[in-house]
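A.B. asks: For reference, the chains in residue letters:
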Amino acid sequence: MSEPVAAYLHIPFCDRLCPYCDFAVVTGRGSDTDRYIDAVVSEILADRPAAPLRTVFIGGGTPSSIPASSIERLLGALSRQHGLADPEVTLESNPEHLAQDLVTSLASVGVNRLSMGAQSFDPVVLRALGRRHRPEDIDVGVAAARAAGMASVSLDLIFGHPAETDASWEATLERAIGLDVDHVSTYALTVERGTALSRSIAEGAPAPDDDVQADRYEVAVDRLGRAGFEHYEVSNHGRPGHRCDYNTEVWAGRPYLAYGLGAHGFRDGTRFRNVRAFDAYVTRVESGGSPRQGVDPIDPWEQEVDRFMIGLRIRDGVELGEAGPAFLDTDSGRRLVLRGILEVDGAMARVVDPLLTDAVAREVVGLSPPR
Amino acid sequence: MPTPTSRIRNFSIIAHIDHGKSTLADRLLERTGAVTEREMREQLLDSMDLERERGITIKAQAVRLTHRAADGQDYVLNLIDTPGHVDFSYEVSRSLAACEGAILLVDAAQGVQAQTLANAYLAIEAGLEIIPVLNKIDLPAADPDARAAEIVSILGGRPEDVLRVSAKTGAGIDELLERIVAEVPAPGGDPDAPLRALVFDSYFDAYRGVVCSIRVFDGVLCSGDVAHFMATAGTHEADEIGVLVPRPKQVSELGPGESGYLITGVKEIDRIRVGDTITHPRRRAETPLAGYAEPKPMVFSGLFPSDGDDFERLREALEKLRLNDASLVWEPETSRALGFGFRVGFLGLLHMEIVRERLEREYDLDLVATAPSVAYRVTTTAGEVREVRSPQDLPPVDERTSLQEPYVKAMVLVPSEFTGTIMELLQQRRGEMDGMHYLTEDRVELTYHVPLAEIVFDFFDTLKSRTRGFASFDYEPADYRESDLVKVDVLLAGDPVDAFSTITHRDKAYEYGRAMAQKLRELIPRQLFDIAIQAAIGSRIIARETVKAQRKDVTAKCYGGDITRKKKLLAKQKEGKKRMKMVGSVEVPQEAFVAALRVDDAS
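For the record, the sequence lines run as chains B and W.
Residues in the first sequence are numbered from 1 upward in steps of one, following our numbering.
Residues in the second sequence are numbered from 1 upward in steps of one, following our numbering.
It is possible that some hints are incorrect.
[Stated by the list, open to error] Chain B regions said to be covered by chain W (calculated; three or more residues, Cβ under 8 Å): (1) 36 to 47; (2) 247 to 260.
[Claimed, not checked] EDC-like cross-link-like pairs, simulated, lysine to aspartate or glutamate; straight-line CA separation at most 16 Å: (3) W:Lys-577 with B:Asp-210; (4) W:Lys-548 with B:Asp-215; (5) W:Lys-557 with B:Glu-319; (6) W:Lys-548 with B:Asp-210; (7) W:Lys-566 with B:Asp-22; (8) W:Lys-267 with W:Glu-319; (9) W:Lys-548 with W:Glu-522; (10) W:Lys-578 with B:Asp-331; (11) W:Lys-566 with B:Asp-345; (12) W:Lys-566 with B:Asp-296; (13) W:Lys-548 with B:Asp-211; (14) W:Lys-581 with W:Glu-591; (15) W:Lys-568 with B:Glu-302; (16) W:Lys-409 with W:Glu-319; (17) W:Lys-574 with B:Asp-331; (18) W:Lys-557 with B:Glu-192; (19) W:Lys-548 with B:Glu-286; (20) W:Lys-557 with B:Asp-156.
Everything labelled a hint here was simulated from the structure, so no lab data went into it.
Heads up, the beta-carbon is just placed ideally off N, CA and C, and yes, glycines get one too.
Produce the entire structure from the sequences given, and follow the hints as far as they go.
C.D. replies: So this is what it looks like as structure tokens:
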């Protein structure tokens, strides 16, 4: 198995908790930033060296809530341990943080792809999503990123909140396109268990509607496509040359490193995840221990099935490899092809309607090896 | 030494549930010294609850009481229990056949109920002497004068002959015992004639095998005798005979007029038939006692285990239930929708409910029951007459010349203010009025001729709710009549779902079809394609609904950290799908079948 060329860094700090979010985040721990960065640096430096990294993704949490100097330290550690091969370095950010100073500093320490949690340009929707920024902050942030010379600017948008209307979603898309960003991720609002959103729905608040989300999804694909974006993954649209390298590695089933609390990685045929609790993570690393909470070796066949299953999300299609023919030989595989839900073209398979990706993936999961 | 018949009285108590039969029986046992007050804590005659007394459980079906009457003589009073419900009218009639008299026990507050009336008519037909008794006269709501008038209007006689008791306080019990001695005729019977003993009940005891309750009419049955069962032609040794006082007490012989139990070592209940006559093989009676009949199921329902793996458990449970209920009949049934199960025949609605409940509760089975159906009588074009118990078995229209359905005689007792309500309800159910009889100024008895199929659904609940619980209802089989019946099929994506097929009157077919289609539209999850739900009579579609294709089945995000979780989630969802039943190309959750079959509020 090849050595990873991708790394994920998790920055859990948030100013506050968004009601729909179930990521590994902490609030009110800003004063622990240095201690946390120390821990992540230690984790990186304790790792076995991999190949020089070609892509780094700094996600969260809200990485824009910590100083650029902290980011610099993390990238320095990666460079020291694995080497950096002129990598794409993505940093997730909140629009309200993106003052020119910060963005310029981030660019100067090596961040070259800025991903913004814009979510919506409709103040009503932003409020419903529990976001603090105003639509104008997004404009300011994009301008700052451009001024700082970011090679790629991406917006995350969330659609399908019951507070959103068709018109509001279309307007959001138009504003995003109008900002001339390089990449847009469009996410259907998902009700995750244990979130404030899920509790409020259980108490009677309206839930997102699948059919409405399907409509909005199709509108997004249409508008962004016409504006020159390539729809390259279920929820991702990029201008030519601006696809996210890091995610492309993950979706191709290739290995990736991961550091920080709650981070998941895949290396040497093993999926691993770090402890999610802040104190547990920091203490373990500080005491020289492993932050791993779970380590799952994946046998080669399952890796191949994972690759095929995840690859179904790619709009260009997934290479059939070994799993493809095995799947196409099952009843459910044949049925999906027969119904026109999965199409096979040469050595590639492709889900025709991306909205039905899981209907295919569900049949693939647990696929038996050919006899 | 058998008791002389002149000092034997055999009687039973006919009462509606909750009218105090058990309490009265307890009181009689206590007053005659059969049990002490301490033993009285439990109502002895209700020992059907096998759990209560593990070990040898002798069902107190015929309890022998000894009563010293006012004339100074000791009398043997055999109290013979009867099942309370007309579903078991065959068993009731067998129990009554073992008696010469019956106490008609009526709650002085509630008055006569339909079931009581039905059983009272059975007793009168059997030639029994009836002692009318009002119970619960100590209740504030009691209206003994009105209730006595009601009884007189049914039975004739004089209001002052209606005895008033309180089984609770014991008031009137001594008088009742005297009336039993004075009014119930002594049994006849010739001790020197060939043996004739009636099996009026039987049940299965885990330790002793089948225990028969018997009543000797002629001759003498001795312990150790070889007993010949005339209907089943079985011959079994009388391992033990005895009487219940109420504890089992072995005796060496039972003579004419006496009742007791008989244990033969037979282990299979269906080898002993209630209603059979026992005689001696070496000195056979020429004719059996009247009235042996095969139990006849009236209502049929498909029972399927929710979990297909439970099929064998269901079969075993049915077999165990039959140990105690020879009337239970079934045959295997295969449903494309529900898998393997059984079409089970029941004596009536209550019987069906009891069996289903026992299967679920005592045998821990989760069952799907198809809508109850009745036995239709079909004449095919070939001239063959066939009984059709399942819609699947109905020959197509062009292969039959006649289709008849069973009718029942339904009896409803209701306060007269609800007369209109009842007439409307019965009319909706295709009933024809046979008669209306005022028991008193404010209570009326309505009799109807009505298709059994119309009362097997939710009739009883509807009746109760529309009369605020005041109506009581009973029915007995009447005849078969030609009706304009059709088979309604329900199709999913063009494939018929056998579990939802029904035979119904043409006028009600549309309503059934539409209700079922609508229900299923709500219950069937959206799938990758539009699913047409259709109800059809033959090839004619009478209702149509569509489950729109699912448009969105995708997770918004799938990044590095999501992969393991996503796989688990998909695997779990896939597991859930496995539990769905495939109907053609449509996946239907088991719950949808259950829910669609459960509610039947088509009325």
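A.B. asks: So which of those numbered hints doesn't the model satisfy?
C.D. replies: 1, 3, 5, 11, 16 and 19
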